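Peer 1: Residues per chain, in single letters:
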Amino acid sequence: MSFLGFGSRPQPTSAQKIAAAEQELEMVTDMFNRLTESCRKKCLPTDYREGELNKGESVCLDRCVGKFFEVNMKISEFMQSQQQNAMAGGGSGRIGGFGA
Amino acid sequence: MKDFMTMYSNLVQNCFNDCINDFTSKAVSAKENSCVTNCATKFMKASERLGMRFQEANAAMMQGGGAPGK
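Note that the protein sequences, when read in sequence, are chains Z and V. Just so we're aligned: the first sequence equals residues 0 to 99 in numbering that gives the first Met the number 0. Just so we're aligned: the second sequence equals residues 0 to 69 in numbering that gives the first Met the number 0.
Nothing false has been slipped in among the hints.
Here are the computed lysine-lysine pairs in the PhoX-like style, where the Cα-Cα straight-line distance is at most 25 Å:
1) V/K30 x Z/K40
2) Z/K41 x Z/K73
3) V/K30 x Z/K54
4) V/K30 x V/K44
5) Z/K66 x Z/K41
6) Z/K16 x V/K1
7) Z/K73 x Z/K40
8) V/K30 x Z/K41
9) Z/K54 x Z/K41
10) Z/K54 x Z/K40
11) V/K44 x Z/K54
12) V/K44 x Z/K66
13) Z/K40 x V/K44
14) V/K44 x Z/K41
15) Z/K54 x Z/K66
16) Z/K40 x Z/K66
17) Z/K40 x V/K1
18) V/K44 x V/K1
So, partial list: chain Z residues that the calculated Cβ filter (under 7 Å) puts toward chain V:
19) L60
20) D61
21) F68
With the Cβ distance kept under 7 Å, some of the chain Z side facing chain V (calculated, not the full set):
22) T35
23) T45
24) E49
Everything labelled a hint here was simulated from the structure, so no lab data went into it. This one's a predicted model, so the numbers in the text were calculated from it and none came from an experiment. All C-beta atoms in this analysis are idealised placements derived from N, C-alpha and C, irrespective of residue type, glycine included.
Okay, chain Z solo, but in the shape it has when bound (with noise of 0.2 Å):
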């Protein structure tokens, strides 16, 4: 029996999940901008002899991926846990857990 009366579960609409789906998109995308952006000021100098990638050039781009994503899930893993600091340490009562 529903206990909330009329209101039942929330289920996402299917526009709600639209939304979320764009703002995914959106988040992706801004992410391998800043990437894009990173790794060419850090692997491709300036001088542009040739336009062809060199070797070196090919590695660093990729290992600049590689180290970008573990750097991002270190910064997401950090944030957690400085979240989960707060809400433990912060208040001295328990307060219903945002997200969690």
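With chain Z held as given, fit chain V onto it using these hints.
Peer 2: Quick look at chain V alone, frame taken from chain Z:
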């Protein structure tokens, strides 16, 4: 379309900044010209490669050790 325009203006700005530093003449010199061509070619190749690696890494992250705390 918006992404394409962003990429285009980025490309112009980056290659201009990296290749054009001498304003003693009004015309784009042959050296500057080849620098710009190489810059644009290399930029596209790098984007392509980065895109491929990005997709791989993203897919690996999604199904593999993605976000332990969910």
